Amino acid sequence: MSDDPIVQMTGIRKDFTGVRALDGVDFTLRPGEIHAVMGENGAGKSTLIKVLTGVHAPDAGRIRLDGRPVGFHGPAAAQAAGISTVYQEVNLTDNLSVAENLFAGREPRRGPFIDFRAMRRKAKALLDDIGLDLNVAAPLSSYSIAMQQLVAIARAIDVEAKVLILDEPTSSLDRDEVEVLLGVMRRLAAQGTAMVFISHFLDQVYEICDRMTVLRNGRLVGEWATADLPENELIGHMLGREAAELEQIERTVAGHRVADEAPLASAAGLGRKGSIAPYDLDVHRGEVVGLAGLLGSGRTETVRLIAGADRADSGELRLDGAKASGHNPRTAAARGIAFCPENRKTEGLVGDLTVGENMILAMQAARGWARSVPAARRDRLVAEFIEKLDIRPADPDMPVKNLSGGNQQKVLLARWMLVEPRLLILDEPTRGIDVGAKADIQRLVAELSGEGMAVLFVSAELDEVTRLSDRIAVLRDRELIAVLESESERTVEHIVDTIVAGGRHE
Amino acid sequence: GGGDGEGGADEGLVVGFAQVGAESAWRTANSTSVQDAAAADDRIAELKFVDAQQEQERQISAIRDFITQQVDVIVLAPVVETGWTDVLQEAEDAGIPVILADRGIEAADEDLYTTRLGSDFVAEGRSAGEWAVQTFADDADGTKILELQGTTGSAPANDRNAGFFEVLDAEGLNYELVDSQSGNFTAEEGKAVMETFITTHALDGIDLLYAHNDEMGLGAIQAIEEAGFKPGEDIQIIIVDGSKAGFQAGVDGKLNYIVECNPVFGEQLMDVVVQVANGDDVEKFTPVEEGVFDATQFEAELPNRQF
Amino acid sequence: MSEAPATGGKRPNPYAKRLMWPVLVLAALIAVNIAVTGFDFIVPEVNDGRLGGAFVNILRRSAPLLLIALGMTLVIATKGIDLSVGAVYAIGAAIACQMIIGAEDQTATGLVLGAVALALAVTAAIGAWNGVMVAHFGVQPIVATLILMIAGRGIAQLVTGGQIPKVQDASPFTELGRGELLTVPVPIWIAALVLAALALLTRRTALGMLLESVGGNPEASRLAGIRAKGITVLVYLVCALCAGLAGLIGAANLGSADANNGGLWIELDAILAVVIGGTALLGGRFFLLGTTIGVVIIGTLEDTIINVGLSSQWQFTAKAIVVFIVALLQSPGFRAWVLKPFKRRPAPAPAEEAMSK
Amino acid sequence: MSTHQLTERPSRSMLFDGLARYIPIGATVALLLALYGGGVANYPKFDSPQVIAKLFIDNAPLLVIAVGMTFVILSGGIDLSVGSVMAFATMACAWLTVDAGISAPLAVALVLAFGTAWGLLIGAVIHYFDVQPFIATLVGLFLFRGLTLQISDTDVSMRDVEFFQWGMVHAVDVGEIRDGGFWLPNLSFVAFAVVIVAFTVLHYTRFGRGVYAVGGSESSALLMGLPVARTKIGVYAVSGFCAALAGVLAAFATKSANPLANVGAELDAIAAVVIGGTLLTGGAGFVLGTVAGVMVWGMLNTLIAFQGNLSSWWARIAMGVLLLAFILLQRVLARSGEKRRT
Ligand SMILES: Nc1ncnc2c1ncn2[C@@H]1O[C@H](COP(=O)(O)OP(=O)(O)OP(=O)(O)O)[C@@H](O)[C@H]1O
Ligand SMILES: Nc1ncnc2c1ncn2[C@@H]1O[C@H](COP(=O)(O)OP(=O)(O)OP(=O)(O)O)[C@@H](O)[C@H]1O
Ligand SMILES: [Mg+2]
Ligand SMILES: [Mg+2]
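Residue numbers (this note's numbering), protein chains in the order written: chain A, 1 to 506; chain B, 1 to 307; chain C, 1 to 357; chain D, 1 to 342.
Just so you know, these hints were derived from the structure itself, not from any lab.
Treat each hint with caution, since some may be false.
Think about it this way: if two alpha-carbon atoms lie no more than 20 Å apart in a straight line, the pair counts; the simulated EDC-like pairs of lysine to aspartate or glutamate are [claimed, not checked]: (1) K162/A - D4/A; (2) K345/A - E219/C; (3) K323/A - D280/A; (4) K45/D - D93/B; (5) K401/A - E219/C; (6) K45/D - E90/B; (7) K340/C - D59/A; (8) K45/D - E46/B; (9) K323/A - D313/A; (10) K45/D - E11/B; (11) K17/C - D397/A; (12) K254/B - D169/C; (13) K388/A - D440/A; (14) K230/B - D294/B; (15) K323/A - D282/A; (16) K273/A - D477/A; (17) K340/C - D15/A; (18) K244/B - D169/C; (19) K244/B - E104/C; (20) K230/B - D169/C.
Which residues of chain C face chain A? A partial, calculated answer using Cβ under 10 Å [unchecked claim]: (21) R204; (22) T205; (23) A206; (24) L211; (25) G215; (26) G216; (27) S221; (28) A224; (29) G225; (30) R227; (31) G230; (32) R285.
All values derive from a computational prediction rather than experimental measurement.
We put the CB at the ideal spot given by N, CA and C, even for glycine.
Generate the whole structure from the sequences, applying the supplied hints.
What follows is the structure, encoded as structure tokens:
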């Protein structure tokens, strides 16, 4: 492996109106290495990638590829030069089929015409390679965001590129998928492909990366070989504060639930054809109920019914013992149910509106249009939550689409915490959130439940689920197969066993 | 003789009428007149009426539908003059005679229709011009004229303009066309354009307003009144058409000359239709009875107005 | 496609930035007129206790278009569009005029009020119908409103029987279009009041934000518990009501209702005004004041053509040129391109623009 | 590499996933048949094959602009200039051949090239300067109407130009209409050719799939490295070409040019495209749907002509009601296939 860098970025500066996203950043990538770019939400990781691949033009600095200065005019040019990228938000077109997404722009052709048969065959093979069995002719929109993320990855690794960039590719994947992805990455590295890997999962970073570059607030903190930088030091560099601060997220108040208290929300035989089999589930005040399962096991569907986002076609939902009829997002909110959906871009935020407006949206919706939240109160609340969740930049008037991914997630959380719901439903709330913020959010969940709020918590990270939950509902095959109650059952191993066993019972 | 469609001679004729549209009160009066006349006439079994919304393609399409339906006679009020050759040829091939109502078509296609019944827009323009020449013959400082044109590009607008100035030029009237704009045959735009005329040119010294139809003229009259002038006195006004409202304005002294363009020729048309269906000889052009009216005649004529 | 107005937090007022270019174009148009016809163009004059003059006339004549464009702004903010406004204009006008000429005494105030109320009620119902089609039946707005665009003029003609009903000049109804209050023409009053009312309604209550939210991301809005359907219906209703009111003003101005030509193609001008004013057709942020300037530009343009002495044939061409200029000036990409030779900084990557969508 | 199944099986059948997007067009075709059946049941001679053939005679230009519009709408844009460009193209044909004396084939080639160039220009303005398509093409609507009127403010005949006779020559002629025969002129086949080419391009070429991708999500297409600029500019060029070609077809159809022709044709085209099941938001729809849409549009007009006793206003109202019934039925059919949400 030669040591001449394949990509060299020096003195990169990038300004957005009002924000300096990158300030004199240097970055070097060598052939065959896997290089992590680390930093908090909003540190500038994604921007660095976008500058490299020509999405944004740098305001200063230069980029060299294989020693030659380059300045791409767009992702297409970068791709042509051998840089293949998976950007942070899934960027595929979900109206096209899976196969078309995989091969868009480089479809196998016969003469001038696309050879669909060959394309489907190749797509099938490609997905097989990463252990996915999808109907490649179906529109991408029929798959969950996790599947879409996998498709995006498959698309990127299929291009025989010199450089492969993965910006938070694992944010919605579960462990098995991650394992496969890491395996693929190792194989590519062995073949000499240089890779940039961005992730907030430190264990993954430590498992696979050779080097890391740490950014903080748009500035370069330094570059280290992974072996030379222990985890707590890394966190220290990323956050600029002591790692010890983050250690304790343990539940302060555990087993808060009063055993015989009537459940706050109770689903009986609630189900929806073609999406989730009828299930029973109770949630009590002050308890956190986690939902665990593989991708596509139906966790999202389960909570969407309770949130009123989808209409149930069987069973009933009782709140405080009373049947909740005409359940939809609005009545659900009126009944004290808040729902943070998993796909913040399409279902969560209104990109053109400001941070403050996005935060206040649910509260305003509940009050109706005629009674607007008084400006003073609104500003106070918004400021309070910007601080509480450490949203950066701390500017309530910034259009939310200009925030970094993690910060957008926090805005969405703030929207619902603001209305002080009785039942908070969080679907993948920690996706794409940095370690510090993740800890903050977990602490917040614990705190809220300590105050008596009920929480339904969906996360692909089993650790997180087991750590936070009082009870865990396990799903498989769009069916709720078990609710784990006792402390001894609430372990990662037991959940995995349950899922596997659940399969056998069938 | 016409096609022996399923109507049959004894049950009466089936007539297809491809009307221009319903773009003005004049046109509506015309449609109503034809429809009523057909309904009242025993010799006509059915009138198939199609409103083409001022588009030639729709008229052509309607004629083809008539051919498919094997009507006995087709009546066409052409939107434009050119472009009828093929479809009229198709009608002829199918043995269905065609009568033009209102506007005409280009001379080269003369063989493709049996007869035309309608107004002569150039003649209307000439009538207006003749009155202007008479009235302003001894206007020493030259006659200053404003013109409100119909829809740009439409046949009545072009012809009424051409006929008018043809006479003015031929008679050697000393005139100046101060401004000429399209008011699209509507009151709304007629009024708006007149308002702008007034602010741009002021009215002092302007002698004559020539409006290509009633509605624009009536809109302009309002604009003139609102600007504090007396229409009909401070400025003389000619309009073409002659609706009730137009005559009413004449009676009120707000305008000076009306060139009639008569839409109510339904009965006359039915007679022609029957003649044509029977294979009788008809003239190539049958003019609709129309008149011109000056201030002395308005009052007497008003009750006769049908639209 | 929404160019990001305020990419930054340091508060360069997005409003001011959006309005700058339309205002400049308007100023240029006014300057051309002043150059041709003198300062009389802009200076209002009072005759018979009535404000007049070229520019005041433009404002007065623009009132119906402004009303419709304001309603259209709200509809567009929800990612919708309303093609039926022209037809609704005709229906409003037809109903009021027909009711008035049907009465014995056309000067009775009660009659006029009744006619106005009936016309507005019917147009409101039509708007609600459009809204229901869009919100509840899920029909695409352009199609939903196309139905009434086609059928609406038929309905208006049905009301008038294909005639053009003429209201007596003495009827107080005509005051709506020709009268004045405190020397200012009534249409200007009405348009100004509606503008103020809508501005208050959307900016003082939360309606504006909720509208922008529904337009910006309907699904997210639904999940946030917003009554998206109710708001959508309301917006179409308001838009049709504005169109009906515009029809009344138009009819009162002429004293007659032309079912066929009243408000013909006004939907295009209204949409044009909205977009010139900075509101994107893809929904989201809307600017009532911008719309107002857009309307005045269109109104002034029509007079300019006559003042400059161009023939009718030029009307379309001149409009095209002015619209093109406004659209290009508003485009940051165009400005950057024009200024490129004068600037050192590297131009933004082409992708950047698209990404901010 | 391990290929054990990590994820669970799709719940929806492949069949359904494949068919879901055909529901709107299926609904359109079903309703088209219903309209036709209704006509046959109610009006004598409606079963004449010429009724169907006629849909492709008079609507050939509409079909062509609607196909161009389909490209634009699929990419998420809109083109309001087609009606005016079409009228301009017809007028330009007349002017070039009758006044300027240029040979007709050359004139036609010039006109088609001009239409394409206009599309390229406006597409570039839309893409590079980020001007909203609605506005950019509205400029075209005004501009070309103005230019057309400046060439001539009256209709111009091209009857003496030999070349334009070709269009209406019967390519197919089966018996007399009264005996249940029908005929189709050459120009209908030009329109068919346009449809076939468009279908092939949209479904079987990279450009075509790029149109869908850009319509699905422009920013995603960009990040995927697709040639967004080329695609976006391309669709307007296609539409400009189609509009010019439709103008040429109109010249064939009537051998005359009329400055006020095709006012509002863009709306007819948009309506046809949308009735054919294409979403105005882009990314979903089919050219064949557009063909069905044009047929529905023509069929509604034919029904009204056969009814024949409607006054102007009742005809308009009837058209609106038919359209409404059609759209609501389409919604009902399409909805039963959609996910139902609260
Ligand atoms: N288009 C834009 N306009 C304005 N500001 C932007 C834009 N894109 C990013 N920013 C700002 O640049 C900074 C860096 O953002 P970036 O997306 O690079 O963060 P990140 O490190 O990827 O964070 P995360 O881990 O949350 O994805 C943030 O403050 C963000 O708000
Ligand atoms: N393996 C799969 N095959 C086909 N479709 C799938 C698969 N997994 C998920 N889907 C589709 O994706 C959508 C979302 O799945 P669902 O929300 O049930 O998963 P989940 O358990 O919430 O997973 P996650 O939240 O981790 O993405 C469903 O509509 C389903 O049709
Ligand atoms: Mg990022
Ligand atoms: Mg999920």
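Assess, step by step, whether the Cα of K230/B is no farther than 20 Å from the Cα of D169/C, and give holds or violated.
holds (15 Å)
Grab the minimum C-beta distance from L211/C to chain A and call the hint holds if it beats 10 Å, violated otherwise.
holds (9 Å)
With the threshold set at 20 Å, check whether the alpha-carbon distance from K230/B to D294/B stays at or below it.
This hinted pair holds, its Cα atoms lying about 18 Å apart.
Keeping to a limit of 20 Å between CA atoms, is the pair of K244/B and E104/C held or broken?
holds (19 Å)
Does the interface hint hold: is G215/C within less than 10 Å of chain A, judged Cβ to Cβ?
holds (8 Å)
For the restraint on A206/C, tell me whether the closest CB of chain A is nearer than 10 Å.
holds (4 Å)
Using Cβ atoms only, decide whether A224/C comes closer than 10 Å to chain A, and label the hint accordingly.
Where the cut-off is 10 Å and the nearest Cβ of chain A is about 5 Å from A224/C, the hint holds.
Given the hint that K244/B pairs with D169/C, does the C-alpha gap stay at or below 20 Å?
Between K244/B and D169/C the Cα gap is close to 16 Å, so the pair holds against 20 Å.
Do the alpha carbons of K45/D and E46/B lie within 20 Å of each other, as the hint requires?
holds (15 Å)
Interface hint status, R204/C versus chain A (Cβ within 10 Å):
Constraint on R204/C satisfied, holds at 7 Å.
Assess, step by step, whether the Cα of K388/A is no farther than 20 Å from the Cα of D440/A, and give holds or violated.
holds (9 Å)
Would you mind confirming whether the straight-line C-alpha gap from K162/A to D4/A stays at or under 20 Å?
holds (14 Å)
In this structure, none of the earlier numbered hints is contradicted; all agree with it.
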